[in-house]
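J.: One-letter residues, chain by chain:
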Amino acid sequence: MLNPKLESALYCVQKPGRYIGGEKNSVIKNKDVDIRFAMCYADLYEVAMSNLSVKILYELINSREDAWCERAFAPALDMEEQMRQRQIPLWGLESGDPLKCFDFVGFTLQFELNYTNILQMLDLAGIPLYAKDRSEEYPLVVAGGPCAFNSEPVADFFDLIMIGDGEEHVMQLLDLYAQCKKEGYSKKDFLAQAAEIRGIYVPSLYQVSYTQDNQVTIQPAKKVERYIITDLDHCFMPEKPLVPTIQVIHDRVALEMFRGCIRGCRFCQAGMIYRPARFRSMERLIDNAKKQCENTGYDEMSLLSLSSSDYPQINELIDFLTKWTCPSHIRLSLPSLRIDNMPKELLEKIGESRKNGLTFAPEAGSQRLRDVINKNITEDDIMKTCRLAFEQGYTNVKLYFMLGLPTETDDDILAIGELAQKIVNLYYALPTRQKGKSVSVGISLSTFVPKPFTPFQWEPQLSSEEIDRRQKLLRNSITTKKITVRWNDTNISMLEAVFARGDRRLSKVIETAYRYGARFDGWDEFLRFDAWEKAFAECGIDPVAYGKRAISLDATLPWDMIDPGVSKKFFQNENKKAHAEITTPDCITGCSGCGISKYKGGVCLG
Amino acid sequence: MADMRVFFEKNDTARFISHLDLNRTFTRALFASHLPVWFTEGFNRHPHLVFGQPLPLGMAGERETVDMRMLEDIDGTVVTAKLNEQLPNGIRVVFAAAPVHAHKEICFAKYRIDLDAKYTKAFDTFWSEPSILAQKKTKRAIIELDLKQEVRELSREIQANRMILHTIMPCSFECSIGPAVLLSAFEKQINEEVFCYSTREGFLLHDFTDFI
Chain R
1 MLNPKLESAL YCVQKPGRYI GGEKNSVIKN KDVDIRFAMC YADLYEVAMS
51 NLSVKILYEL INSREDAWCE RAFAPALDME EQMRQRQIPL WGLESGDPLK
101 CFDFVGFTLQ FELNYTNILQ MLDLAGIPLY AKDRSEEYPL VVAGGPCAFN
151 SEPVADFFDL IMIGDGEEHV MQLLDLYAQC KKEGYSKKDF LAQAAEIRGI
201 YVPSLYQVSY TQDNQVTIQP AKKVERYIIT DLDHCFMPEK PLVPTIQVIH
251 DRVALEMFRG CIRGCRFCQA GMIYRPARFR SMERLIDNAK KQCENTGYDE
301 MSLLSLSSSD YPQINELIDF LTKWTCPSHI RLSLPSLRID NMPKELLEKI
351 GESRKNGLTF APEAGSQRLR DVINKNITED DIMKTCRLAF EQGYTNVKLY
401 FMLGLPTETD DDILAIGELA QKIVNLYYAL PTRQKGKSVS VGISLSTFVP
451 KPFTPFQWEP QLSSEEIDRR QKLLRNSITT KKITVRWNDT NISMLEAVFA
501 RGDRRLSKVI ETAYRYGARF DGWDEFLRFD AWEKAFAECG IDPVAYGKRA
551 ISLDATLPWD MIDPGVSKKF FQNENKKAHA EITTPDCITG CSGCGISKYK
601 GGVCLG
Chain U
1 MADMRVFFEK NDTARFISHL DLNRTFTRAL FASHLPVWFT EGFNRHPHLV
51 FGQPLPLGMA GERETVDMRM LEDIDGTVVT AKLNEQLPNG IRVVFAAAPV
101 HAHKEICFAK YRIDLDAKYT KAFDTFWSEP SILAQKKTKR AIIELDLKQE
151 VRELSREIQA NRMILHTIMP CSFECSIGPA VLLSAFEKQI NEEVFCYSTR
201 EGFLLHDFTD FI
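Respectively, the protein sequence lines represent chains R and U. Its first residue numbered 1, the first sequence is counted upward by one per residue in my numbering. Its first residue numbered 1, the second sequence is counted upward by one per residue in my numbering.
Keep in mind that the hints were calculated from the coordinates and are not lab data. Keep in mind that the hints are not guaranteed to be accurate.
Straight-line C-alpha distance at most 30 Å; calculated DSSO-like pairs for lysine-lysine [as the list claims (entries may be wrong)]:
1) R:Lys29 with U:Lys82
2) U:Lys82 with R:Lys290
3) U:Lys118 with R:Lys5
4) R:Lys15 with U:Lys188
5) R:Lys5 with U:Lys188
6) U:Lys136 with R:Lys5
7) R:Lys5 with U:Lys137
The model shown is predicted, which means the values in this text are computed figures rather than measured ones.
Okay, chain U solo, but in the shape it has when bound (with noise of 0.2 Å):
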């Protein structure tokens, strides 16, 4: 036995892949792909995998992790290569290899957002403050929150047109606060609904290390 973690991107059409069918997408690309995965021994047979956490409706990865358990010690090039010949348009597995960090020391992901220039001014308004409170739903109760502590890092650069965010928010078990939370808070602020696409570009851990 042998565990295998895969990273792999989702963007184009892939971003609107729900987490559950994405489930169901590697466990049929598994299938077909003959690699010799690990079946849990239940009812209802099936490959043992657990994703990283999990990325909201709509936003592209580029560094999404999925942990299989193989039955043999097998080449990371290999599994990369199988999955890629069965995975659907928009994710591809970028590298596997043997897992070093466990799930649970995520902290943190890294983000990029990308939004109209036309922005510029107001975000940097918006993100003078020094306190901005904003507002995230759980599935139990609204939590009320202040952007300038939970964000770790943020910073802009501006490419033609468009202006581009690079931040680190926390995304954890515990508590993961994504681009969403922002960009509501800042939609609030100037009233008016902002389009944007956002990638999430990797986990991070405590010190702020890639985890691998």
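Excised from the complex, chain R in its bound form (with noise of 0.2 Å):
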């Protein structure tokens, strides 16, 4: 049921379903279970619920008779004034008790321009938002995800921090946490305890001091080691997902056939920060696919990995699936397609059952450039697939550049236009194409930002100014509406830098920020730069020199006490590769030597 308050703020708001729970596959349990979990997501319920690490976590805290996890989003900016108008404390979707009496807020990071909003819903919530603030009667405020790995921008708003694979290693934290609980430990005691789980950061465990020159210390030098899962096969995978009553951004089952990469993109943290690439054997994800379509009533379902067409047995899969499928009325879709090898078979599957546009990252735009990220794909690969496509009726294509990459240069920007219109006039050469359909070449622009833990995390970002010129150029060079731009606002990208590679003294700046009002920073509409360019001044911090820093390889980096597995010689070698022009092969073809192998787990075992 409703509580009287929140029913009369949801005839104020937009979207009111965002904010009401009762989801099919949701969860409600005695409120008397030992651990109360709110599994938060500082973006709106849109995006947060087409996030598959929350529905996994969802389930498997849900699956402990000892625990209850329930939900909790950012609300958006006409719920943020109605829950403060009248007094509504942020709560749990499941029981729509507030946050405040939880034992644990866990926010998984998935994207560092959602840091305002974690402070919006601690605030919202009647969190004090530093650790150090927080006394024993408040909920312990954890964090996971990918930008745990660098959380140092945000390390003071968290009592700890867990790195690696989340699925045992959230049950390990909550088995350690209900013997606590059972013993009455204080929440330093549990901290201290958490600390010696393989994987958990506690960050008020570290000393760490910057000089004006950005020379880092970290204090103590022992190492937090990434939890991995080797065997991603008898892992746990959601069954019944939670099914959102309004329309997300990813309204379809999710089927997650590996989780790592193969390949060594050098710009591409989850390339690194997820190996060694670990498959799912067809027989489990087949028999998962039924479960969770069967639990749904989904009609569409999407095979999740960074690079589906890396999937051994993908052909074997797909012919598998729409065998099954096709009858159900269950549309398939395969996102993260690679260039190169895409076999023809697999274009006719993905036809059969929805002809929609295809879409490819090149990245670049000429081989130079391709080398020096470690890209490996070549021009004819790119015009092989286009043909291929073409000829199964394909009008549209969509190609993903960045933009202001390592040692890029006028001519590779030039190369992109070049690129494009070669597409187009392949199409207009093809004797099969249909009279009188025209081509659409679409060209996304991104910029470059330097991530931790990869080969470029030493690189600079280009100024604003120069991303500005070099949009642009490209811009002004195409000559045909057949090819389309867009780019994306380097406001944008220039805080994603920042935090990308920010440490703690990042965290007051946020503070500040959130404090004049900026809030769900990576949406255009909603980010407001101004905010940030007063926090940045008045605490006295120059965002040039984090994002747009060359840093030198032999420095202590703010995010050195975390240990991803891949070692930091592999990234200083690939960086040097990188400036040589020099490509890496991928993980089948050979071994790399990047450190990984010790866990002896997925593809690392041959």
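Using the hints, build the complex out of the two chains.
T.: Rendered as structure tokens:
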């Protein structure tokens, strides 16, 4: 039942369906369980409910008898206003209870530009923002996810941070908590115990300091080793995922084929921090797909991974799935395709259920630059796949590129337009093309953001002015309407770079920007850049020193207390190879000695 | 092929599920239920669903309807049970049977409006006027209408500290006037925001008998 205060607020906001809970497969338990966990995502319901980790952890934690996992997401600005006016503290969607009475408030950190919304949620929940200000009666505020690998900009807000695969890890944490609660441990004693678990980083147990010229010292030297699940095939998969009632962004069954990636693109953090690539068996995937469809009623399923066509038995898997999905009217979608190993059969098979456009990510326009970033695809690959696609009747091709990659020159940028033009020409040269149908090639330009734990973590991001110039250079070189160019806000990329490589000095900036009204900073329409400018100035912090600075390869990095399993030596070597324009083969062609093989998992087993 | 009319309740949290989302919710429930439902044969195959008049966001419904087509004869109790296994909190099928009336035969709906009893006197004064002009916004224009003409029946009872209004209002493809129109006219009169719970109890034909 909704409480009357919330109910009256719901009449005053857009999409009240975001705030009501009660979805199919949501879980209601008795309030006197030992552990109450709030699974939080600092973005709107539609984004949060699209995230796989939310679905996994929700179902997993609720499989424990001693725990009840609920959800809480960032309210939109209109709801935030209502909550403040009517004094409604942020609540768990299932019970309606305020977050303050939970044992855990756990955030998944998926994106740097959600950070102000973490503060928004804590603040609306009436929970002090800084870990040091929270006494025993407040919940433990914890985090995990990809941005947890460098959580320094938000480290002061969290009691503990979980590094690595979450499934077994969160269960270990809750086991320990249940025991400590029974024995009446203090928060401090619990944190000390938790820090003994592999992959758990307790920021308050590390002393860090920075000099004026950004020299970093970290005490103690002992590193937090990432938690890795080596056998993904026997790892938990959601079988009864939540089914949102309002439409969300990814509104379908998600089937995670594998975790990690065999490629070694040098800008890509996911390709490094999820190593080694660990594949699930076909049997497990098919079994799980059936269960999920059965339990949700979804008519659409998406195969998830960092690079779908790298799944070893991708053709057999699609064959099997289509044989079963077609008669039951379930559509299959296959995102994250690579342009170089896209077999004809695969293209035909995806086309069977629905023919949308094809999207690929060459990332760079010239072969030279693709070698620098180790993308390992050739123009021939691109042309071959486009020809196949056109022959199949596709007329839409979307290509993703990054601007401002290390060593990029104007020639590399112009090559993007030339490549798109070649694709247009290819279409018109084909005898099989449908008469009267035009082709459309979309170019999406994002800005390179140096990410921690990648070979490019030391590289500077270009200034906003220079990015603007390069965007214009490309746009002006396009002479046909068949090619459309989209680009993103340089301010957003600039902030992303600051927080990706940030350190603990930034927590004050995030708090100040939040107080000045910054929210949903990754959304073009909500970004309040003026709030950020004021916050940086007031805290005396120059954002240029974070994102736009080249860092020397041997410097101590602010995130060096974390050991992702891939060695720093490997990143350094890869960085040098990038500047020498030398590529590195993928993990199946040959081991490149990144250091992850010591865990003996996935692709490392050969 | 057999047409089936499903009568359902929509209350609690489900009151805030919009009409569009309700459609999607039933589509998914049908998928998961394995009922032998008929699919449209277009590019985008989906079960063919026809709802009665849409329910405004926030209002509860006790006898809402959705029509669907089954590929074979199937007992209404089976449809009821199977759908109820799949629907989210607040949506519950009450019964299902072959439709008797066509949707265009719906003329009125019966409503229950539940508000604070402190408004009783003010409401009685308001309703005693011979003519009450109100405005209703449509997609095209703002229509002026006389509530005393349009509202077919209105009675009230007091239960503890609540005043319950029972009313019948037009609800058809040509013209629908819901409790919101009545409430906003009342609010304008007393110059105060009034909070209430509204429930649509069911659809009626031109002779005020139940739509089934």
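J.: For every hint, state whether the structure bears it out.
T.: Here's how the hints hold up against the structure:
Our distance criterion of 30 Å between C-alpha atoms is met by Lys29 of chain R and Lys82 of chain U, whose separation comes to about 24 Å. Simply put, Lys82 of chain U and Lys290 of chain R have alpha-carbon atoms about 19 Å apart, close enough for the 30 Å limit, and the pair holds. Proposed proximity of Lys118 of chain U and Lys5 of chain R is supported: the alpha carbons are some 19 Å apart, at most 30 Å. Of the supplied pair hints, the one linking Lys15 of chain R and Lys188 of chain U holds, its CA atoms being roughly 26 Å apart against a limit of 30 Å.
Annotation: proposed proximity of Lys5 of chain R to Lys188 of chain U holds, straight-line Cα distance about 23 Å (limit 30 Å). With a CA separation close to 28 Å, the supplied pair Lys136 of chain U and Lys5 of chain R stays within the 30 Å bound. With a C-alpha separation of about 28 Å, the suggested pairing of Lys5 of chain R with Lys137 of chain U holds against the 30 Å cut-off.
The structure is consistent with each of the numbered hints, conforming to all of them.
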